[in-house]
Amino acid sequence: MTIRTQVIPDSGVKTSVPALEPLLVEIHEEGRAGRHVRGGEEADAQIPAAFRRKAPLGLPELTEPQVVRHFTHLAQLNYSVDTGMYPLGSCTMKYSPKINDRVASLFADLHPTQPQSTVQGALTLLADLEVMLAKLTGMDAVTLQPAAGAQAEFTAILMFKAYHQKRGEGAKRRRVIVPDTAHGTNPASAAMCGFEVTTVKSDAHGNIDLASLKAALRDDVVGLMLTNPNTLGLFEERLREVCDAVHAVGGLVYGDGANMNALLGVARPGDLGFDCIHINVHKTFSTPHGAGGPGAGPLCVKEPLRAFLPKPWIVRDDQGRFHLDTARDDQPPAGLGDSIGRVRTFLGNFGVLVRAYTYMRTLGEEGLVEASNDAILAANYLLAQLRDSYDVAFDRPCMHEFVLSATRQKKLGVSALDVGKALIDEGFHPPTVYFPLVVPEALMIEPTETEPRETLDAFAAAMIRIAERAKTDPASVKAAPKNAPLARLDEVHAARNPTLKWQRPT
Amino acid sequence: MTIRTQVIPDSGVKTSVPALEPLLVEIHEEGRAGRHVRGGEEADAQIPAAFRRKAPLGLPELTEPQVVRHFTHLAQLNYSVDTGMYPLGSCTMKYSPKINDRVASLFADLHPTQPQSTVQGALTLLADLEVMLAKLTGMDAVTLQPAAGAQAEFTAILMFKAYHQKRGEGAKRRRVIVPDTAHGTNPASAAMCGFEVTTVKSDAHGNIDLASLKAALRDDVVGLMLTNPNTLGLFEERLREVCDAVHAVGGLVYGDGANMNALLGVARPGDLGFDCIHINVHKTFSTPHGAGGPGAGPLCVKEPLRAFLPKPWIVRDDQGRFHLDTARDDQPPAGLGDSIGRVRTFLGNFGVLVRAYTYMRTLGEEGLVEASNDAILAANYLLAQLRDSYDVAFDRPCMHEFVLSATRQKKLGVSALDVGKALIDEGFHPPTVYFPLVVPEALMIEPTETEPRETLDAFAAAMIRIAERAKTDPASVKAAPKNAPLARLDEVHAARNPTLKWQRPT
Amino acid sequence: MNKNPYSSHTDADRAAMLERVGIKSVDDLLTAIPKDALRPKLGLPTGMSELEIQAHLESLAAKNRTAGAGPFFLGGPVQRRYIPAAVPVLALRGEFLTAYTPYQPEVSQGTLQSIFEYQSLIAELLAMDVANSSMYEGGSAVAEAAFMAVRSTGRKKVVMASEVYFEFRRTVHTYAKGPDLEIVEVPARELASAAEGAACLIVQHPDAFGGLVDVRRIADAAHAAGALCIQVTEPHANALLEPPGALGVDIAVGEGQPLGIPMSFGGPYLGILACRTALVRQMPGRVVGETHDARGMRGFVNTLQTREQHIRREKATSNICTNEAIAAITAAVYLALMGPQGLGAAARLGVAKAHALAHRLAALPGCSVSTEGDFFDRFALRVPRLAAGREGSGFALRNALLVGDVLVEATAAHYGDRDDLIIQCTEMTADAEMDALVAAIESIAASARETVSTAR
Amino acid sequence: MNKNPYSSHTDADRAAMLERVGIKSVDDLLTAIPKDALRPKLGLPTGMSELEIQAHLESLAAKNRTAGAGPFFLGGPVQRRYIPAAVPVLALRGEFLTAYTPYQPEVSQGTLQSIFEYQSLIAELLAMDVANSSMYEGGSAVAEAAFMAVRSTGRKKVVMASEVYFEFRRTVHTYAKGPDLEIVEVPARELASAAEGAACLIVQHPDAFGGLVDVRRIADAAHAAGALCIQVTEPHANALLEPPGALGVDIAVGEGQPLGIPMSFGGPYLGILACRTALVRQMPGRVVGETHDARGMRGFVNTLQTREQHIRREKATSNICTNEAIAAITAAVYLALMGPQGLGAAARLGVAKAHALAHRLAALPGCSVSTEGDFFDRFALRVPRLAAGREGSGFALRNALLVGDVLVEATAAHYGDRDDLIIQCTEMTADAEMDALVAAIESIAASARETVSTAR
Ligand SMILES: Cc1ncc(COP(=O)(O)O)c(C=O)c1O
Ligand SMILES: Cc1ncc(COP(=O)(O)O)c(C=O)c1O
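Residue numbers (our numbering), protein chains in the order written: chain A, 1 to 506; chain B, 1 to 506; chain P, 1 to 456; chain D, 1 to 456.
The hints are simulated quantities; they were obtained by calculation from the structure and are not laboratory data.
A few of these clues could be false.
Not everything, but these chain A residues come out facing chain P in the computed CB check (under 10 Å) [to be verified]:
#, residue
1, C91
2, S96
3, A216
4, L368
The calculated lysine-lysine pairs, modelled on DSS-like cross-linking and capped at a C-alpha distance of 27 Å, are [what the hints assert, rightly or not]:
#, chain 1, residue 1, chain 2, residue 2
5, D, K315, D, K157
6, P, K24, A, K302
7, D, K63, B, K135
Cβ coordinates follow ideal geometry from the N, Cα and C atoms, glycine included.
Produce the complete structure using the sequences and hints provided.
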């Protein structure tokens with residue numbers, strides 16, 4: 001572990017309070033400007049006075065040199081996959097290849113409403129991506145519209161609703177079942193569709209509790225939302241029974257595919273009982289997480305759900321040219337058919353999808369298989385090293401990630417959060433903490449396949465050192481981080497006194 | 001001044017000695033590889049055994065994720081114009097606009113030997129750049145070949161040699177005169193041309209000493225190499241007399257244009273008595289300094305020197321198309337005419353020249369004038385603030401830079417170097433130190449026009465604080481930097497025990 | 001040799017790891033997976049080298065016509081705008097691009113401060129109290145704004161102007177199926193009188209046809225009826241037009257793509273959502289707030305998280321998790337670089353060019369500007385017998401016309417019975433493009449007279 | 001509004017600064033300048049916005065044909081090679097690109113370690129003891145290597161093979177005018193017998209025609225005569241061929257552009273220069289060495305500076321100051337990414353394609369491979385009546401042939417009396433390009449028979 005001390009270059013700007021970097025508004029000075037675009041003065045006469053902006057446009061006035069320094073300084077304050085291991089469980093922080101960014105820029109200058117004859121390359125790519133995702137998941141049809149996993153969930157539950165309505169069961173089916181290990185987006189998506197959420201607990205092996213599930217299953221059930229491997233990093237041991245039980249009461253099974261990185265070429269959700277599954281391409285397919293987004297959440301479905309997919313669909317004509325299906329959503333409602341309609345303005349996060357396509361084609365089937373194998377092996381390798389120092393919630397082989405519990409440390413006064421913060425001082429990004437909710441003091445660790453073995457070893461060693469320090473010097477762990485740009489932040493203050501934008505200095 | 005402490009993310013690699021970042025060879029592991037290019041195995045049969053490489057190609061084996069992290073970490077260890085004020089005298093560390101980099105990439109995929117019909121855009125740009133540089137300097141002809149200022153000097157002195165030879169004075173003229181303030185490249189360039197160097201001292205006002213110059217001027221003189229404003233940041237007060245005196249003995253006057261940032265639209269070297277002048281486009285015209293290069297050093301000359309310019313020349317035909325002059329250097333020596341011939345393989349540092357062209361066209365004449373005005377004003381503004389705390393070698397208005405002397409501090413045990421190192425802890429890059437040689441404990445400061453006034457003020461305040469500390473706590477100044485990635489380095493050790501490449505761990 | 005070029009494991013690593021885990025092969029870990037489903041053949045293509053994949057993508061790209069390749073007048077929510085060179089250089093630095101949601105603020109201040117600045121810049125531009133840290137894109141942002149209004153009024157009727165972008169309206173319809181909302185579409189001029197019982201009135205200004213709308217009147221009517229007023233806005237317009245905050249608007253939403261984000265054939269984009277302080281706790285999505293660290297240094301954190309899915313689960317204000325953070329950072333860099341002067345100039349150039357062009361086109365035989373009242377940087381043009389020249393667009397969302405090599409939008413059934421062109425100008429619209437459009441329309445107008453008999 | 005968009009000074013700043021300096025205007029500071037020369041009108045164009053300059057440069061770029069736009073077989077010292085996407089992302093980061101020579105090592109370790117790694121990688125590739133931190137480019141590097149030999153032997157005769165690239169030889173001739181060296185050019189096969197009294201023998205391998213040369217024999221002859229052996233080399237060739245260090249070479253030089261640097265119509269490039277330890281103190285240019293800081297941490301500094309102009313002035317080993325550091329860093333990133341596997345594959349693909357193509361072309365009527373002996377990744381082809389299809393090249397340095405849309409090089413007088421094509425292949429050479437070349441040569445060969453009478 002090496003500490004880098006660096007004075008932040010001094011711009012001479014005084015901040016209102018001690019700060020790592022001034023705000024843009026603090027480096028503003030009246031009269032400063034670049035010259036990126038100029039002209040158009042004649043426009044003012046075209047805008048009637050009643051419509052004109054009265055208050056001056058108070059954006060900060062800055063020069064390009066200032067802006068470059070500002071954001072360069074800020075960027076350097078971030079921990080990122082490009083700088084180090086980022087074992088955030090459930091997020092698959094694998095390396096994002098630079099070639100994917102480069103080729104995405106080849107499509108940057110296409111408007112989404114261009115005529116089909118001018119975008120055949122882009123449509124071909126999308127159509128091929130749909131086919132690849134269907135093959136990978138064992139599903140029959142795909143929509144690329146959802147912007148992320150959560151939007152895919154919403155899309156799917158809306159489709160479930162339409163499906164049940166079409167069968168005359170719309171009024172009856174009002175409950176969506178989610179396990180207690182589910183990600184927060186699952187119940188939130190169900191609720192957005194107007195459904196009630198029934199939570200089912202997990203059993204002693206980290207599976208959904210089959211008895212409880214069966215007790216919850218009645219004919220008012222819309223479906224079950226299931227993550228597999230689940231958020232404990234464990235493969236549901238009685239998965240087919242679970243799915244069969246849901247199907248038996250006429251419900252559908254939604255697959256939350258956030259953990260697909262464990263399954264590439266290992267097993268197809270379509271073979272396991274799921275009726276649909278989403279893919280977070282920003283996880284499994286290496287697209288950069290973008291400081292929080294964008295992602296993309298293609299949704300892959302079985303034949304019975306196809307008709308309900310968001311319109312418009314990309315179809316291929318006899319000449320091999322791509323265009324849109326004739327049942328268009330510009331003549332609703334008839335034009336939509338059974339489709340729920342679009343869930344966004346245009347097609348999808350194309351720039352993200354290009355990256356995912358590029359990644360899949362680069363690795364190929366054999367590379368994707370290897371990626372999952374390596375990811376599973378890396379997780380188990382780490383688990384083997386950490387098993388003695390931390391409690392393991394459910395002690396069986398994990399898939400691509402695993403969940404430790406810092407209960408032992410907690411008794412010494414050191415929480416999962418403290419362990420995470422101490423990792424910062426060791427040169428690592430903390431894992432996901434306090435999720436899933438069923439594990440007290442959860443530390444959810446996902447190494448991915450792209451971390452070198454020596455890095456995994458260093459991470460394990462750091463975790464073990466922290467466990468030791470929790471015994472010998474818990475205060476030092478609680479005081480971490482001390483070698484990060486900032487010490488711990490006062491989150492309570494932020495929530496109690498929300499300051500959500502800057503105040504212009506007066 | 002804010003200190004950023006950041007643990008360098010841990011890759012788990014053990015370095016042989018404590019280090020900020022392992023060497024590539026230390027993160028190597030046999031069997032690692034990316035897949036940027038693959039195939040070609042059939043080639044091995046085409047290479048006779050006698051020619052084949054015997055020892056394995058021992059480049060480090062790495063994966064792309066490792067390489068990305070490595071160079072990202074390294075980059076963050078640098079101080080740069082994109083991160084802070086870099087007042088390196090004589091180097092004009094102004095802001096390098098990002099648009100210049102973007103447009104340069106439009107020409108990245110052109111091979112230098114493409115037929116003229118396929119590169120008319122590139123040739124037009126070069127021809128226009130030549131014209132602009134001629135107008136700016138008041139000269140008649142331009143070569144864009146030199147890769148940097150030093151190569152322009154060599155080119156020009158070779159041309160002087162050819163010029164004198166053509167006049168039958170080649171054997172006689174063997175001495176080049178340089179002032180004692182000259183940059184090291186000046187005498188070195190003269191020596192590379194086989195000439196003897198005569199150094200002339202400066203007078204009490206920081207000008208070349210006219211009497212000494214005249215004493216040195218005889219008919220064996222090739223010419224004078226003069227920087228103006230000179231390296232003290234001062235405009236030669238009797239410039240025309242100086243040039244006249246050189247011309248009077250049949251010598252030529254070379255203008256070292258490193259300091260052109262003071263003269264844009266202020267005065268043209270061609271109007272002042274110079275026979276030629278080079279331009280460091282990486283200084284005056286904002287092209288990025290590239291961690292040491294590349295630059296470009298166009299050489300602008302008066303009519304009498306035109307014939308000697310390196311061939312080939314870009315010429316324009318009647319139809320406005322650009323091509324090369326017919327007197328080609330592919331039929332030497334006749335084809336060369338009086339030209340000294342090429343000084344490099346191809347045309348010049350085109351990618352750098354595009355940036356310079358873009359900069360000049362963006363600013364336009366009025367913007368260039370403003371740049372010099374602002375640069376001069378910024379330097380005098382700083383000088384006014386620092387005058388009381390440091391000795392000023394020659395106390396008259398400076399141009400775009402000025403030279404302080406730390407002699408006063410030196411008496412307290414604090415050298416110019418110490419002052420520079422202390423500036424690092426204050427958040428600034430040190431100025432040029434110990435140059436020009438005529439000023440003891442020189443601190444050569446060039447703020448440029450792109451630093452905001454508050455940054456200039458902060459820099460002045462830091463310099464003044466250091467001057468204070470030199471009095472009250474000199475040891476602390478000598479111990480600086482303490483907040484940089486490294487403390488002072490042992491340069492003597494490096495020179496005594498040269499380790500110029502890594503040792504492969506065995 | 002690895003099959004996955006990005007794996008950092010060698011075979012020796014794998015052997016050592018297997019040994020440490022105490023197994024012979026990864027399959028020993030997969031006992032929970034039904035045997036018959038284990039290790040299927042997928043039928044995917046085999047892998048490629050970087051050189052090969054680049055050549056492949058270049059060949060696909062060559063089958064598209066890029067916007068810059070010819071005269072271009074498409075626009076609407078997605079606009080061809082000038083992106084300063086420094087924007088991607090800064091916003092796409094690896095430290096931003098390859099971080100995730102800033103769960104650990106101590107090592108995420110770059111992201112957090114940038115997003116705080118984004119929120120501040122958007123709030124200033126729209127004169128709203130608060131902006132969130134981003135929504136997916138414009139259409140779904142409108143829908144989530146409607147949900148906010150539904151939550152805060154307890155009403156389930158949403159009234160929306162028919163001059164809102166077609167695709168935005170369709171997205172709202174889809175979303176509305178979730179909580180079973182009633183959606184009513186009326187022309188903007190009838191919005192005020194339809195406020196009764198509504199959760200909100202949704203108005204777009206400038207509207208889909210570029211028209212300027214009296215938003216204040218609609219906001220007043222909404223408030224009088226106990227409803228909220230939601231304005232769909234466009235970022236550049238606010239440099240010149242009275243912003244939502246000055247018009248009594250409660251929630252301002254829109255597509256942020258014009259703020260330095262490439263068009264990229266549909267996304268990723270940036271959903272803008274801003275509101276009055278009173279509505280903050282109904283806001284969907286993440287929001288960054290200022291605080292300080294244990295040593296008293298200023299710092300930023302994700303805050304007001306009790307609205308969010310990871311805390312509130314089924315009671316959350318939205319399900320959004322991954323959002324469009326890098327697009328928000330991009331917009332912040334863009335606005336910082338452009339400043340009030342640059343943003344104003346870009347907006348003005350669009351307006352000036354649109355008006356100059358409208359003037360020329362309206363002079364052609366049979367042509368007239370069909371946007372009602374004043375317009376901003378786009379306008380609708382009635383052209384004789386347009387249908388003949390039309391081709392279905394890439395997404396059947398709009399119809400794009402390719403006359404010669406001019407790309408221009410044609411309205412269709414989704415904007416009622418209007419069958420016009422919509423012509424968008426921005427600072428990128430070059431004189432030569434305008435000349436080409438005029439020539440193209442001239443030829444349509446001429447051929448219309450000749451070929452009336454052969455129509456349809 | 002500022003006239004210089006990159007100035008950070010406002011008029012208020014300027015007024016305050018003038019006041020602090022105690023003057024009314026900047027002109028008050030310019031009294032040393034002759035009145036008649038002060039503030040001339042320059043006659044330069046007025047400024048532009050970023051949008052405008054970009055449009056202008058795009059219009060210039062549109063007047064070029066890029067290499068990737070059609071079949072392409074130019075090469076020689078400058079080669080179209082695959083540049084991994086990560087190369088520019090890393091090497092052109094602002095912290096590298098906008099730093100200067102690392103005069104202050106405490107805040108320049110990024111540059112210094114990267115260049116130390118460049119030196120190490122080049123030394124390994126060439127099997128030489130030491131590489132410097134960069135020269136301007138290939139041609140001048142050859143000249144400076146000759147100067148090194150002159151300094152270390154005290155002799156003034158340089159003997160050079162005529163199969164060294166023409167432009168390299170011309171550059172050596174120009175440089176030689178400085179210290180008045182005698183330059184002798186002989187065919188490579190006669191080099192050994194011309195060693196007497198020479199400071200050095202300069203041989204290129206693979207040579208301009210792609211030919212493989214017995215360098216060891218030449219090195220032995222040089223050493224026997226007390227001369228040094230300088231080899232002009234090409235980076236990729238060393239992945240497959242015995243490297244200079246294994247052949248007895250004293251100084252290895254070459255053009256480093258193929259190591260991830262764009263072709264950019266002539267530069268900036270990377271001069272490679274490496275030598276034996278004994279010659280280190282004669283080396284031109286900067287060199288980075290390892291050391292430690294006051295706290296015992298490893299660190300890197302520019303070292304052996306007593307060779308350099310800023311210390312030694314007229315006694316320096318060279319005048320070089322600004323060099324090509326960012327190109328050296330680029331090459332380091334390239335080599336790190338490619339590794340032995342990737343570099344080997346790129347080299348092999350060039351060789352394999354060249355041989356496959358030679359096979360096809362030599363089968364055409366009247367055509368034959370004219371490189372003597374074995375060749376590497378380029379070869380010379382004798383074609384009937386070539387002159388008719390030739391067009392002067394961009395720099396009259398070589399002649400490039402544009403047959404249909406195929407770009408290929410034609411040798412000219414500068415390679416003696418040979419009048420052949422030189423065909424370069426790399427990993428980028430696509431099958432379709434090869435087909436196009438074969439078709440083009442076929443048509444030349446055919447037309448040669450028909451049009452012999454109309455020649456010249
Ligand atoms: C298990 C699980 N489900 C769903 C999601 C939501 O996906 P997204 O963030 O792409 O909306 C996540 C993301 O963190 C997740 O981990
Ligand atoms: C005064 C002066 N002359 C000449 C040079 C040499 O220019 P270059 O480094 O471009 O070769 C410099 C560069 O530092 C300089 O400052």
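Evaluated hints:
1. C91: The hint holds - C91/A has a Cβ within 10 Å of chain P, the shortest such distance being about 6 Å.
2. S96: holds (5 Å)
3. A216: violated (15 Å)
4. L368: With a closest approach of 7 Å, the L368/A hint holds.
5. K315/D / K157/D: Given pair K315/D, K157/D holds - Cα atoms ~21 Å apart, limit 27 Å.
6. K24/P / K302/A: Between K24/P and K302/A the Cα gap is close to 36 Å, so the pair fails against 27 Å, i.e. violated.
7. K63/D / K135/B: Status holds; Cα separation ~25 Å.
Hint compliance for this structure: hints 3 and 6 are not met, and every other hint is.
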